[in-house]
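Residue numbers (this note's numbering), protein chains in the order written: chain A, 1 to 92; chain B, 93 to 693.
The hints are simulated quantities; they were obtained by calculation from the structure and are not laboratory data. Mixed in with the good hints there might be a few duds.
Straight-line Cα separation of at most 25 Å, SDA-like style, residue types lysine to any residue; simulated pairs [what the hints assert, rightly or not]:
| id | chain 1 | residue 1 | chain 2 | residue 2 |
| --- | --- | --- | --- | --- |
| 1 | B | K692 | B | F361 |
| 2 | A | K55 | B | Q541 |
| 3 | B | K334 | A | Y42 |
| 4 | B | K387 | B | S327 |
| 5 | A | K55 | B | T275 |
| 6 | B | K387 | A | P85 |
| 7 | A | K32 | A | I65 |
| 8 | A | K56 | B | F361 |
| 9 | A | K55 | B | K692 |
| 10 | B | K334 | A | N39 |
In case you want the letters, here they are:
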Amino acid sequence: MLTIVLGEYLSAINSPMLTEDLAPYVNQGIDKVIFDATNLTYISSGGIRVIFFCKKTLSKENVEIVFLNTRNEILEVFDLVGIQPFITFING
Amino acid sequence: MELYDGMTLMLGLSIDAWITIATVITIIVVMLFTKVRTDAVMLIAIGVLFATGVLDAKEMCSGFSAGTVVVTGVLAVVMAGLRYTGVLQWIMKHVFGLPDRYPTALMRMMVPVSLLSAFLSNTMLTMLFGNVLKRWSRKLNIAPSKLYLPMVYAVQMGGVLTLIGTSTNIVVADLYESATGKTLNMFSIFVPGMLCLLVGVVFIVAVRRWLPDRKSPEEAFETATDYTVELLVPSDNPNIFKTLGEAGLFHVKGGNLIAIRHFDHDPAFLTEDECVMGGDRLVYAGQIDEILELKETHNLVASNHPIRSMNEINKNYELRIAFVNFYSKLIGKTIENSTIERDNNVILVAVARRGKRIEAAPREVELQAGDTLLFECPRKTNTYVGNLSSQLQFSDFHEVVKVGPNAIVSSLIMTAMMILTATNVVSLLHGTVLAALAMLLFRCCSINQAMDSVSWRSLMSLAGSIVLGSAIAKTGIAQMIAFGVISVVGTHPILIMLGVCFAAMLITQLVENVAVTAMFFPIMYQAAVQVGYESAPFLLALMIAANASYSTPIAASPNMLVYGPGGYRFFDYMRIGLPLTIIVTITGVAAVILTYPLVKL
Chain A
1 MLTIVLGEYL
11 SAINSPMLTE
21 DLAPYVNQGI
31 DKVIFDATNL
41 TYISSGGIRV
51 IFFCKKTLSK
61 ENVEIVFLNT
71 RNEILEVFDL
81 VGIQPFITFI
91 NG
Chain B
93 MELYDGMTLM
103 LGLSIDAWIT
113 IATVITIIVV
123 MLFTKVRTDA
133 VMLIAIGVLF
143 ATGVLDAKEM
153 CSGFSAGTVV
163 VTGVLAVVMA
173 GLRYTGVLQW
183 IMKHVFGLPD
193 RYPTALMRMM
203 VPVSLLSAFL
213 SNTMLTMLFG
223 NVLKRWSRKL
233 NIAPSKLYLP
243 MVYAVQMGGV
253 LTLIGTSTNI
263 VVADLYESAT
273 GKTLNMFSIF
283 VPGMLCLLVG
293 VVFIVAVRRW
303 LPDRKSPEEA
313 FETATDYTVE
323 LLVPSDNPNI
333 FKTLGEAGLF
343 HVKGGNLIAI
353 RHFDHDPAFL
363 TEDECVMGGD
373 RLVYAGQIDE
383 ILELKETHNL
393 VASNHPIRSM
403 NEINKNYELR
413 IAFVNFYSKL
423 IGKTIENSTI
433 ERDNNVILVA
443 VARRGKRIEA
453 APREVELQAG
463 DTLLFECPRK
473 TNTYVGNLSS
483 QLQFSDFHEV
493 VKVGPNAIVS
503 SLIMTAMMIL
513 TATNVVSLLH
523 GTVLAALAML
533 LFRCCSINQA
543 MDSVSWRSLM
553 SLAGSIVLGS
563 AIAKTGIAQM
573 IAFGVISVVG
583 THPILIMLGV
593 CFAAMLITQL
603 VENVAVTAMF
613 FPIMYQAAVQ
623 VGYESAPFLL
633 ALMIAANASY
643 STPIAASPNM
653 LVYGPGGYRF
663 FDYMRIGLPL
673 TIIVTITGVA
683 AVILTYPLVK
693 L
């Protein structure tokens, strides 16, 4: 399991760096990635790509993606891009 | 140095003369390097000449009441009568035929076009023949680029045949009458003009291989394999969170994915590992029917601006093809950053450059002169008014006019006008006014059609050019330059004629030929007077030289009109136009001397 605490933005600028940081964990048996989105107010398509990376590249097996304390504006983006069904949301 | 009171100053010229010279140089620079309208440039120039005291109020307004301007404006009404009764369309339909060889096709096209041009406006003929040639080139299986340039050259060479064939001839005739009190006959220039035409046509047929063989820009939009289609990934698409490759959206049957747009930006590099997200817009290029099948097989939907095929025209919209003209403010801009779509309720569908569709999002393409644009327009959009017509040149100038009894009436009116003016029964001004009135009286065209056919901008620049010409004469510049020419080439009349003609010929490649004519008339007239010869032959030679504007697309309106439709490049005009210009000018001078032996006064 991997826990990532997100800052205020996950944009085209910082998402490639986050993907680079995650690269060493590829095929290391990660089965669950938890994103703490308490402070997250903006996510770009680059940010969505990080989630995609975690879901599809970290492991050959299905990786569970969990988002903690997700704000409405972020949920709206997930709804638009149609990835809500791939994520487990936990509040509190 | 003395203060100005009519006395001479620097280099023997007065302050007024230097102001005029500065104004002329500024006009040339502005016309060459900016997109300011010619009529505006001319009006500002005469405003400056008036404000600085070079011209008085009467002189400033003289251009607007000049016979040249009135005749040109009224002739447009006569042309409207011929056009709207179907006479021109009938001629075009019946004289071209279907020749089986390219040189024969050139002759079949150039000869009637040039003869018609002797009596009709060059610009209007080019517009009318442009569409005829497009269809004709398809029937003959000849690239339009092989026909358009010969057509405009024929139009321009034919325009010189009579006094009313082109504005420059009218300007010379009018200024000659003002200067000498004598009038030139309608057909004074016919024989020299005809010799130039013959030499020109033979030259073009001989060097026909120099003409580029290019695919028509419109063809880029007319084949089923050349469309771009934008499809949207809905939020509930089963391919979301797959890569493009996994989803089968990267390599598709009948086309290629050329762009993907996520909800907030476009990825810099398009690879098949790119992730599919809801809201993505996928831009495909290829065969439209195959690509549209993706809607069924991959649960995609049409984007906000679906691209329709030529045959699949929506009930409320139609596809129209336009070209970016040379003076368009859209050059260097993208449609996305312009207001043309919003202002005119049109939608840009695709862009092509030199016959090839550009594989990029149409709205993001930085436009160049000559680019071909495919627009979706509400039906009956008038593309000949407002900023649509000033920025773009719409090629689909289709007007279907049935030939009826009025065609005979309008032909008779035109013939009567020609005979009466050629035999000096009435003056050119009287003849054209009577013919225009008759066209309206016999309903050969409506009042609105008549008014719409007058190019007010051209009349304004014509009036401005005449005023400028009179300033050049009045301030002594013409006399000074005439002396200069004599001091360089000597007092031999033929050398003088050739010298001034070559100077006018060079400048007319860059500046509108009416302006060049107005500027060079006083110079040529003064030169002839200084060496003691009758000026008429000199001025007839000037008519031919100032009209020989074949070397650049900006030299004359007809050249510009075929630049986009022919898919030409700037150099195409130089390759064939420059030698043609020189040949026509030399032939013109020789033909004038042979027809009108020079007479010492």
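Here is how each hint holds up against the structure:
no.: 1; hint: B:K692 / B:F361; verdict: violated (77 Å)
no.: 2; hint: A:K55 / B:Q541; verdict: violated (68 Å)
no.: 3; hint: B:K334 / A:Y42; verdict: holds (23 Å)
no.: 4; hint: B:K387 / B:S327; verdict: holds (14 Å)
no.: 5; hint: A:K55 / B:T275; verdict: violated (90 Å)
no.: 6; hint: B:K387 / A:P85; verdict: holds (23 Å)
no.: 7; hint: A:K32 / A:I65; verdict: holds (6 Å)
no.: 8; hint: A:K56 / B:F361; verdict: holds (20 Å)
no.: 9; hint: A:K55 / B:K692; verdict: violated (98 Å)
no.: 10; hint: B:K334 / A:N39; verdict: violated (28 Å)
In summary, the structure is inconsistent with hints 1, 2, 5, 9 and 10 from the numbered list given earlier, while agreeing with the others.
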